[in-house]
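*Asks:* The task is simple: from the sequences and hints, build the whole structure.
The lines below spell out each chain.
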Amino acid sequence: MQVRTALAALSMRPTRLLRSLWLVRSILYLATGALLGCTTPVAVIWAIHGELTLGVLAGGLLAYLPVIAFGPQVARLERWRLKLVDEWPVDDPHVPVDRPGWGHRLRFRLREQVTWRELGHVFISGSVMCWLDAVLLVFAVWFPVTFLFAPLTNGSGLESWFIVGCGVALVLVAPYPVCAWAGARAAMARAILARRDTDLGERLVAVTRSRARLVDAFEIERRRIERDLHDGAQQRLVALNMQLGLARLELPPGSPAGEPLAKAHDLAKQALTELRELIRGVHPHVLTDRGLAAAVRDVAGRSPVPVEVDIRLPERLPRPVEVTAYFVVVEALANVAKHSGATRAAVSAAVESDRLVLRVTDDGIGGADPDAGTGLAGLADRVAAVEGTVALSSPAGGPTVLRVEFERLARPDEPTTHEQRATPEQPATHEQRAIRDERASHERPTTREMQATHEEPAAREQRARREERTSTAGA
Amino acid sequence: MIVAEDGVLIREGITGLITRFGHRVVAAVGDGEALVEAVRAHRPDIVVTDVRMPPTFTDEGLRAAIGLRREDPELPILVLSQYVEQTYAAELLESAHGGAAGIGYLLKDRIGEIVEFVDALDRVAGGHTVVDPEVVRQLLSHRRGPLARLSPREREVLALMAEGRSNAAIARGLFVTEAAVAKHINSLFAKLELPQDEDDHRRVRAVLAYLRG
Numbered sequence: 001m002q003v004r005t006a007l008a009a010l011s012m013r014p015t016r017l018l019r020s021l022w023l024v025r026s027i028l029y030l031a032t033g034a035l036l037g038c039t040t041p042v043a044v045i046w047a048i049h050g051e052l053t054l055g056v057l058a059g060g061l062l063a064y065l066p067v068i069a070f071g072p073q074v075a076r077l078e079r080w081r082l083k084l085v086d087e088w089p090v091d092d093p094h095v096p097v098d099r100p101g102w103g104h105r106l107r108f109r110l111r112e113q114v115t116w117r118e119l120g121h122v123f124i125s126g127s128v129m130c131w132l133d134a135v136l137l138v139f140a141v142w143f144p145v146t147f148l149f150a151p152l153t154n155g156s157g158l159e160s161w162f163i164v165g166c167g168v169a170l171v172l173v174a175p176y177p178v179c180a181w182a183g184a185r186a187a188m189a190r191a192i193l194a195r196r197d198t199d200l201g202e203r204l205v206a207v208t209r210s211r212a213r214l215v216d217a218f219e220i221e222r223r224r225i226e227r228d229l230h231d232g233a234q235q236r237l238v239a240l241n242m243q244l245g246l247a248r249l250e251l252p253p254g255s256p257a258g259e260p261l262a263k264a265h266d267l268a269k270q271a272l273t274e275l276r277e278l279i280r281g282v283h284p285h286v287l288t289d290r291g292l293a294a295a296v297r298d299v300a301g302r303s304p305v306p307v308e309v310d311i312r313l314p315e316r317l318p319r320p321v322e323v324t325a326y327f328v329v330v331e332a333l334a335n336v337a338k339h340s341g342a343t344r345a346a347v348s349a350a351v352e353s354d355r356l357v358l359r360v361t362d363d364g365i366g367g368a369d370p371d372a373g374t375g376l377a378g379l380a381d382r383v384a385a386v387e388g389t390v391a392l393s394s395p396a397g398g399p400t401v402l403r404v405e406f407e408r409l410a411r412p413d414e415p416t417t418h419e420q421r422a423t424p425e426q427p428a429t430h431e432q433r434a435i436r437d438e439r440a441s442h443e444r445p446t447t448r449e450m451q452a453t454h455e456e457p458a459a460r461e462q463r464a465r466r467e468e469r470t471s472t473a474g475a
Numbered sequence: 476m477i478v479a480e481d482g483v484l485i486r487e488g489i490t491g492l493i494t495r496f497g498h499r500v501v502a503a504v505g506d507g508e509a510l511v512e513a514v515r516a517h518r519p520d521i522v523v524t525d526v527r528m529p530p531t532f533t534d535e536g537l538r539a540a541i542g543l544r545r546e547d548p549e550l551p552i553l554v555l556s557q558y559v560e561q562t563y564a565a566e567l568l569e570s571a572h573g574g575a576a577g578i579g580y581l582l583k584d585r586i587g588e589i590v591e592f593v594d595a596l597d598r599v600a601g602g603h604t605v606v607d608p609e610v611v612r613q614l615l616s617h618r619r620g621p622l623a624r625l626s627p628r629e630r631e632v633l634a635l636m637a638e639g640r641s642n643a644a645i646a647r648g649l650f651v652t653e654a655a656v657a658k659h660i661n662s663l664f665a666k667l668e669l670p671q672d673e674d675d676h677r678r679v680r681a682v683l684a685y686l687r688g
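For the record, the sequence lines run as chains B and S. Residue numbering for the first sequence follows this note's numbering, beginning at 1 and increasing consecutively. Residue numbering for the second sequence follows this note's numbering, beginning at 476 and increasing consecutively.
Bear in mind the hints are in silico, worked out from the structure with no lab data behind them. Small disclaimer: the values here were computed from a predicted structure and weren't measured. Do not rely on the hints blindly, as some may be mistaken.
If we take Cβ atoms under 8 Å as the criterion, some of the chain S residues that face chain B in the derived model are [as the list claims (entries may be wrong)]:
hint: 1; residue: Ile485
hint: 2; residue: Gly488
hint: 3; residue: Gly497
hint: 4; residue: Arg499
hint: 5; residue: Thr533
hint: 6; residue: Gln557
hint: 7; residue: Thr562
hint: 8; residue: Ile586
hint: 9; residue: Gln613
hint: 10; residue: Phe650
For each residue, glycine too, the CB sits at the ideal point set by N, CA and C.
*Replies:* Right under this line is the structure:
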């Protein structure tokens with residue numbers, strides 16, 4: 001294993017540690033640390049008086065204040081210095097200032113938590129840590145070195161050689177406290193000065209939103225593909241299939257065209273079946289139409305393993321959640337059928353205090369590994385995009401329980417045409433019909449209607465751009 | 476009869492082939508409302524309709540069919556769909572529960588099998604219930620509740636019943652005697668706890684029991 005920090009270097013064989021650069025790097029790190037912290041007070045004390053009085057000491061310590069005020073700059077230096085004993089990269093925890101101007105910059109920085117952490121770090125390292133650095137350097141470097149040169153200063157008596165022996169022993173042992181302390185200092189600096197997730201709070205929210213928009217955009221695109229396939233290729237294939245059937249009917253028995261025609265007919269039927277499966281995979285029509293419960297029941301009906309469905313939802317879910325939940329069930333049931341060896345499975349969904357809790361269980365062999373395939377991991381990604389969580393319990397021997405929770409169901413979803421639409425029990429009012437007719441008079445009523453009702457602003461923008469592009473291309 | 480289908484190719488095709496088999500298409504329309512109006516104007520012997528039509532492109536046709544059936548329980552309706560959706564099939568059959576007239580739910584693929592398609596059409600017109608074999612196959616693959624009590628042979632019989640076959644046709648399909656079929660049917664009626672009633676109603680209810688799962 002490659003050693004990348006001074007702390008990790010402690011685990012090296014002693015001979016290797018002594019030969020490695022880690023000791024030198026640690027000494028350099030501690031020396032610069034001691035310099036950084038001690039210079040200011042020491043220099044001030046020196047400048048005021050050779051003799052140490054309480055007033056001079058206070059003056060020296062007061063000199064800290066400007067240093068602390070430059071905490072963020074010192075912290076930058078600290079992060080750079082950290083490379084000496086810690087090769088892992090340290091990211092700048094500061095968020096870029098969004099507008100120019102010194103006043104704004106200052107306010108912006110003061111609002112950041114990391115700025116205060118940096119000030120604190122400078123204060124601690126300047127007031128305590130640097131002295132400890134210095135003390136350790138004296139014990140672990142200065143003493144052994146002077147011990148080794150004892151014969152030069154003390155004369156070559158037996159006593160001197162005893163001191164040299166102590167020095168040699170110290171040189172052999174010193175690397176450990178030096179590296180340990182340097183490593184600990186670095187770890188502390190990293191903990192305080194490196195980027196934390198919370199430093200990116202706002203950025204993360206922005207990313208989450210853009211990811212959600214992206215998922216929505218994908219979903220709209222899938223629906224568009226489904227519609228295009230349904231209105232185009234599928235219609236033509238049905239018509240082709242019908243014409244081939246008619247042609248076979250008209251053919252006199254025993255005609256040489258009979259066999260190729262029958263083959264063509266079979267191929268058309270296969271193509272139709274495959275296209276139907278494909279379209280279902282892209283976007284299930286019944287989900288848009290009837291919601292999660294109906295769509296899941298249909299999936300369960302197609303599963304080779306018997307599936308019990310218990311979905312209790314008071315109303316239609318927000319669209320992104322509905323679609324994601326549906327694909328979770330599809331993927332989970334596919335896994336049950338492929339890997340679990342289960343004889344039965346169950347899907348349940350219910351709203352528990354504004355959260356949708358979806359459970360897929362089976363009585364199979366268990367041992368499902370999220371890392372084994374892309375299925376479960378991809379599923380978790382999808383769920384995360386709508387702020388849901390996936391929990392999987394699959395001990396060897398089973399049973400496997402997949403539990404998915406979706407947050408914030410209370411988020412107001414735009415009313416959709418399907419929800420406004422009259423149910424069979426309530427015939428559509430004339431107004432609703434009029435609205436629908438008006439929409440129908442557009443060139444592509446479905447596209448406009450569905451997008452206009454479901455998409456988020458960003459997706460709408462995107463569509464506008466797309467349409468613009470199309471019209472430009474057309475012109 | 477009346478054909479409702481928004482795809483011109485398919486609408487023309489169905490009209491053509493039905494005419495060829497000696498039926499008369501009194502109206503061919505492209506959306507749900509036109510269908511309702513045409514039915515009120517022409518009083519056809521049977522209605523053939525697509526599920527997904529303008530203006531909503533969702534399940535216009537199905538809802539129109541259900542509405543028409545409520546208005547006139549004696550109107551035979553055959554619904555054509557691009558998809559095998561047991562939800563739709565169940566809703567349709569549920570709505571037809573009260574009437575003695577035929578009802579059907581077929582995949583559009585079946586139009587290619589001209590003879591069988593026309594046969595299904597005739598069966599619906601004749602008051603039978605026809606459910607697409609694909610839908611039935613999915614429903615049959617595994618069921619719980621009272622349906623789990625059925626023997627494999629009884630399930631086969633029920634599947635064929637769902638396709639709208641008569642006892643004689645079921646007997647031919649399974650290579651058994653009609654008496655044996657009648658015995659299976661009585662047994663499955665008992666297992667599904669369907670009370671003695673007029674036969675056709677019980678048949679529809681047995682199929683419904685399947686669709687409801």
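*Asks:* Next, verify each hint and record whether it holds.
*Replies:* Status of the hints after comparison with the structure:
no. : hint   : verdict
1   : Ile485 : holds, 5 Å
2   : Gly488 : holds, 4 Å
3   : Gly497 : violated, 14 Å
4   : Arg499 : violated, 18 Å
5   : Thr533 : holds, 5 Å
6   : Gln557 : holds, 6 Å
7   : Thr562 : holds, 4 Å
8   : Ile586 : holds, 5 Å
9   : Gln613 : holds, 5 Å
10  : Phe650 : violated, 26 Å
When each numbered hint is compared with the structure, violations occur for hints 3, 4 and 10.
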